[in-house]
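Could you put together the complete structure from these sequences and hints?
Each chain is listed here by its residues.
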Amino acid sequence: MLISKKLPFNYLFSMIKVDVIRVFLFSLTFNFFKFFFNDYLPSLPAQLPTVLGTAISLGLAFKLNHSYDRWWEARKIWGSIVNDSRTLILELKNFINPEVLGFEETKALLRKVAFRQIGWCYAFGESLRGRDSRATILKYLIPAEAGFVLPQSNKNFAMLDLHMQDLKKLLSQQAINPYQQVQVDNTINRLTNAMGMAERINNTVFPVTYRVIIHFFIYLFLIILSLGLVETVGPLEIPILIMTATTFFLIEKTATYLEDPFVDMPTDTPVTSIARAIEINLKQLLEEPNVPEPLAPEDFYLK
Amino acid sequence: MLISKKLPFNYLFSMIKVDVIRVFLFSLTFNFFKFFFNDYLPSLPAQLPTVLGTAISLGLAFKLNHSYDRWWEARKIWGSIVNDSRTLILELKNFINPEVLGFEETKALLRKVAFRQIGWCYAFGESLRGRDSRATILKYLIPAEAGFVLPQSNKNFAMLDLHMQDLKKLLSQQAINPYQQVQVDNTINRLTNAMGMAERINNTVFPVTYRVIIHFFIYLFLIILSLGLVETVGPLEIPILIMTATTFFLIEKTATYLEDPFVDMPTDTPVTSIARAIEINLKQLLEEPNVPEPLAPEDFYLK
Amino acid sequence: MLISKKLPFNYLFSMIKVDVIRVFLFSLTFNFFKFFFNDYLPSLPAQLPTVLGTAISLGLAFKLNHSYDRWWEARKIWGSIVNDSRTLILELKNFINPEVLGFEETKALLRKVAFRQIGWCYAFGESLRGRDSRATILKYLIPAEAGFVLPQSNKNFAMLDLHMQDLKKLLSQQAINPYQQVQVDNTINRLTNAMGMAERINNTVFPVTYRVIIHFFIYLFLIILSLGLVETVGPLEIPILIMTATTFFLIEKTATYLEDPFVDMPTDTPVTSIARAIEINLKQLLEEPNVPEPLAPEDFYLK
Amino acid sequence: MLISKKLPFNYLFSMIKVDVIRVFLFSLTFNFFKFFFNDYLPSLPAQLPTVLGTAISLGLAFKLNHSYDRWWEARKIWGSIVNDSRTLILELKNFINPEVLGFEETKALLRKVAFRQIGWCYAFGESLRGRDSRATILKYLIPAEAGFVLPQSNKNFAMLDLHMQDLKKLLSQQAINPYQQVQVDNTINRLTNAMGMAERINNTVFPVTYRVIIHFFIYLFLIILSLGLVETVGPLEIPILIMTATTFFLIEKTATYLEDPFVDMPTDTPVTSIARAIEINLKQLLEEPNVPEPLAPEDFYLK
Amino acid sequence: MLISKKLPFNYLFSMIKVDVIRVFLFSLTFNFFKFFFNDYLPSLPAQLPTVLGTAISLGLAFKLNHSYDRWWEARKIWGSIVNDSRTLILELKNFINPEVLGFEETKALLRKVAFRQIGWCYAFGESLRGRDSRATILKYLIPAEAGFVLPQSNKNFAMLDLHMQDLKKLLSQQAINPYQQVQVDNTINRLTNAMGMAERINNTVFPVTYRVIIHFFIYLFLIILSLGLVETVGPLEIPILIMTATTFFLIEKTATYLEDPFVDMPTDTPVTSIARAIEINLKQLLEEPNVPEPLAPEDFYLK
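As they're listed, the protein sequences go chains A, B, C, D and E.
With the working numbering, the residue at position 218 of the first sequence is 218, and numbering never jumps.
With the working numbering, the residue at position 220 of the second sequence is 1220, and numbering never jumps.
With the working numbering, the residue at position 230 of the third sequence is 2230, and numbering never jumps.
With the working numbering, the residue at position 298 of the fourth sequence is 3298, and numbering never jumps.
With the working numbering, the residue at position 282 of the fifth sequence is 4282, and numbering never jumps.
Simulated from the structure, these hints should not be mistaken for laboratory data.
Among these hints, one or two may not hold up.
With a cut-off of at most 25 Å between alpha-carbon atoms, the simulated DSS-like pairs for lysine-lysine come out as follows [said to hold, decoys possible]:
#, chain 1, residue 1, chain 2, residue 2
1, E, Lys4169, A, Lys107
2, A, Lys107, E, Lys4168
3, B, Lys1076, A, Lys76
4, D, Lys3169, D, Lys3112
5, D, Lys3076, E, Lys4076
6, B, Lys1112, A, Lys169
Quantities reported herein were computed from a predicted structural model and do not represent experimental measurements.
Written as structure tokens, this is what we have:
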């Protein structure tokens, strides 16, 4: 997630470099043509760029809206992961009857589940970003459980299975009552849903035809605008066109980046930072030592 | 679901072939008229195409928005099918008391329900696409149950009934407690809802009058634009009009394809691929052998 | 719900007949004036129709959006009625302990509730459309219950009360357990909600001032457009104006029809057809004879 | 809620009287200036009103959209009050075991709760409209309870407390079981939520700066449009400007009225009429005598 | 939250001072240039400001829509905090069996939880606004509990843990039954969610690139508009441009302020006032003395 109010100019420029250079080239060509073969350039009616400009603006607004919705839904999903991680440990801490298991064993169990949940958050962020989560799983899970999780293709689903197995054991030991089991099961179901929802956004490509058309449409608009401007304005057309193109392409790229909120870029959802916040919360709740600091932003974004 | 970043040009062109040829023909006719009977062509005021262009752009934006919503809702429904299929088996696995039924029989029961759920997903995708799901049902259900399901018109509803019957039996054997039965019933209710929601999208035609009007409106706009351009631009009008028409028709067609997200076309919801992902998850959870590979995309889309 | 891809031209034309004739008359008048008193017609600046055209297009887009939302919400409500009707019978079938009541009586009870639910669906559709539902109630309810329901003003609410009374009796006979009663009560609550939601849409008029303004605004726009066109285009103005007016009025009417999704017109929600689908599902679930066929569309729409 | 299809012209005109007169005055002034000091009037470029017109149309569309959403949410909240009032009494009627309290006392209790709920609906509507609800409370509550409710500042919250106290007593008498208590508590929670949601809309002012800007913007637009029209059209400018202004101001006012859906005006949510419908439903359910008629509309609106 | 209908002019002006002065300076410069070097100013085609104006209006509409959604979601979250605070105390008051703990101790416990919840609301508002909440916690919590809460980084989460601990104790004393514990746990979960949701809005920056582009785009539009106007209108261009710029910048700033609804400015969510309303409700419910007055607005806004 970008955080800096002063975005590095380089970053913004690198987003649209190629497109702007292309625009520069064809507007240069049109000016060149105008200079040498003035009469051969067609005179376009003024209303054409207006019509196309309105259409392309609406097209971009549509793209921006739905990209923003994908991005915001992604952030909401991770917000619900924060909530449900907190709820999970809060419930277990205050549901388990310590007299059944004894104070020490209860504490150890809570610690095990909390670390597994912390690991789940980090590992899920990594898997969404297409990274390897094995090191994380080995760090936060006890060896026996890591051995169960690692061979599976959906490692996060396997960790939720481990939560459920602990719950089953707690019920059979009567350390929790049947309503409490069902209540914690609800919390785990919400984690299952959050996982599926994030996977859905990650696996569903924004309609490809639309992406292609809108990009082509911006070019069509800029070419026709350039033809119109070269008639009336002359060489000054070049900076005006470049600035207009810059704005349209930056809006398009902003939308395109929001479309894929888990792709391991500066604009994505700050899943590592959120997982860290969960780690801090859960460790403080269980009065664990070694509570880490919140993740500091890198340069102009939060990871 | 289209996935390729490089869409085949043929695919895009085939979407709008007929419409673009029509546009080509009438713009050719207008140019022909202009050449021979210049004086008889009316001179249209510049503002008319602008007004119509704004109106048609807003009309397309409306269509695109609601088509996108239908498509995205369809994808969400299948996302919830993923979540609830996982939850169903996760709950049953960790609710059933193995001491009641014995370890082997419990495992067999879980296996039977999981296969039925996998079959449910494939068969539901097939029925949405208007295909025959009988082979799938015979493959994933035991013969007695397939015999119960096959004669019914809503086969997927019948499979959910089988889930409920197993639940009833488990309760009467006291292998699960009453809260657990109600909790799994909630999961099955969500599957019933997902089924009904997908059927709703599939059976509800996007307002037909609107579809017709917007198509007619694009033609009206293009004809008037063509009349205006032929005046000022001459023969160059033809490529400009064709490119403009291409963009508008592509946007219209993109929307029309999104409207019906289960019609067995390259743009539809990848239900087979999602069902395969569920199969992998459930089989790994139950430590089944013969876990299949994820479905590979065909050419430029995922089935 | 309109279904035919080939809408009868008569149907479309009858929607906007009056308005289009009015437009024809005033554009004829303007042409007449232009012919005889050319100098007395004011020359309107080109930007005025553009401004009004943009405003009216946005106004129509707003109307269309919210009308569509009402229509789609209506369809969703009936979708949830499908789901909850299925869930209700699925739950009762698999919750009731047949050993308590005996196999035959259980089957009779299930049959009675299912028929009442089928009757509820038909009768609710009829009452939304302002029709008499007494014949339906007499057909699907046993006489004693019909006698309880018929005198009440909200007959559908009374039928839900009968569901609840059966539930109460089942609990007192211990044929279901307390969690199951509460679970089925949840399903009935959802039916209560669906009923209230459909009544809300039916009883809440779309903001009347807005309806009036937008209609007046379209006329204002067409008159000013006509004045502008008559200047530059002459008699050809008439067909152009008529076609433009046709499109705007058709969009307005489409929206107006979507606003009231239960008014017993070809464009409304196909409640009879949905109720029939529920009847088929529930009867097949209970292995009833005499399962009817799905409702066939009439001409170009589904009832 | 406005209901009449034929809105009185006076009502519409009174909404925008002041604004339209102001527009009339400045357009008159501009015409006067043009007549006497033609040369001193600046000639504005045609594109300026177009740009401002598009901006103002989008600004109004935004305002209209969110005002509509507030109005529709208000209506949904009262729809849910209908549903939960019905559910509350339906549940109590079919949960309470009459053998514990005796048939007569059960009936009396149900009657007391139902009347309290009816009173709650009327009183809540009155308090939202800023009226005194004491008479209503004295009418529908028994004296002892009215004495508990009246001194409190949030009288509706106090009435929900009374519902909860009855529930507590029913549980301690074992007239309902613990699951039923929790289930009815859910229904009461939804009523608490509906209450808070309606208060939220009532207490949250639509962003004030935006209200001010959009009003100022419409004037800016009309002044510039007037300057442009006076150049080209002359005195005919006055009726055209007035009609355009009327439309824009009517749309603005429609939105402003929708923003505050509980202000005791003809356009607000018909809370009295809804409360009456609830009264009819609940009294018929309990087979009470003296069921009132539905509230008849006053003139052109429903109260 | 702004409340006054008469916003101080100073307040509005201070929002956009810097931007308007910049616009004044460059329009002055262009006029100066025009006066001295008339021929060197390029003549821009009329359609360019129109195209850019449409694009920028759509861009602002997008920004305004999503900013409004953030602001309204923030208000909804605090609305749900009101509802769940009321529900929490309503449930505890009517769930706890007073015979177990004795009347006095029950009252003391309820008082302790209610004060903690009131403190939670105030402290959460303060922490969202980046203020120190320690004084508040010391005021509303008993010393032992304050000692537990103060060292933690997420103090509000710690207070919810205290709620859960009380619940656990009540269950082990059998002052509430297991269903009631789970039911109150649901209420506390909703408070956990509300907390996480408000934190999400507070921590998630509105897409930074978009903020930057839209601001740059408004300048681009105003410069080009100024160049166009200086040609045709002359010095009168300055007030027209300033007024147009004022409107666009005010809309932009209104959106920017809505984006961050918890930043301790006059436009933010009135969390102190809401917390006060909760305090009044809960104290009256428990018949506490010293019920405070509702928070009075400061000048033109509510804190």
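**Message:** Checking one constraint from the list: CA of Lys4169 of chain E to CA of Lys107 of chain A, max 25 Å. Satisfied?
**Reply:** 18 Å, holds
**Message:** Check whether the Cα positions of Lys1076 of chain B and Lys76 of chain A lie no farther apart than 25 Å.
**Reply:** 15 Å, holds
**Request:** Measure nothing beyond the straight line between the CA atoms of Lys3169 of chain D and Lys3112 of chain D; if it is 25 Å or shorter, mark the hint as holding.
**Result:** Distance ~14 Å between Lys3169 of chain D and Lys3112 of chain D Cα, so the pair holds.
**Message:** Check the hint pairing Lys107 of chain A with Lys4168 of chain E against an upper bound of 25 Å on the C-alpha distance.
**Reply:** 16 Å, holds
**Prompt:** Between Lys1112 of chain B and Lys169 of chain A, is the straight-line Cα distance small enough, at 25 Å or below?
**Reply:** Distance of about 24 Å is within 25 Å: holds.
**Message:** Does Lys4076 of chain E sit within 25 Å of Lys3076 of chain D, going by the straight-line distance between their CA atoms?
**Reply:** 15 Å, holds
When the structure is compared with the earlier hints, no violation turns up for any of them.
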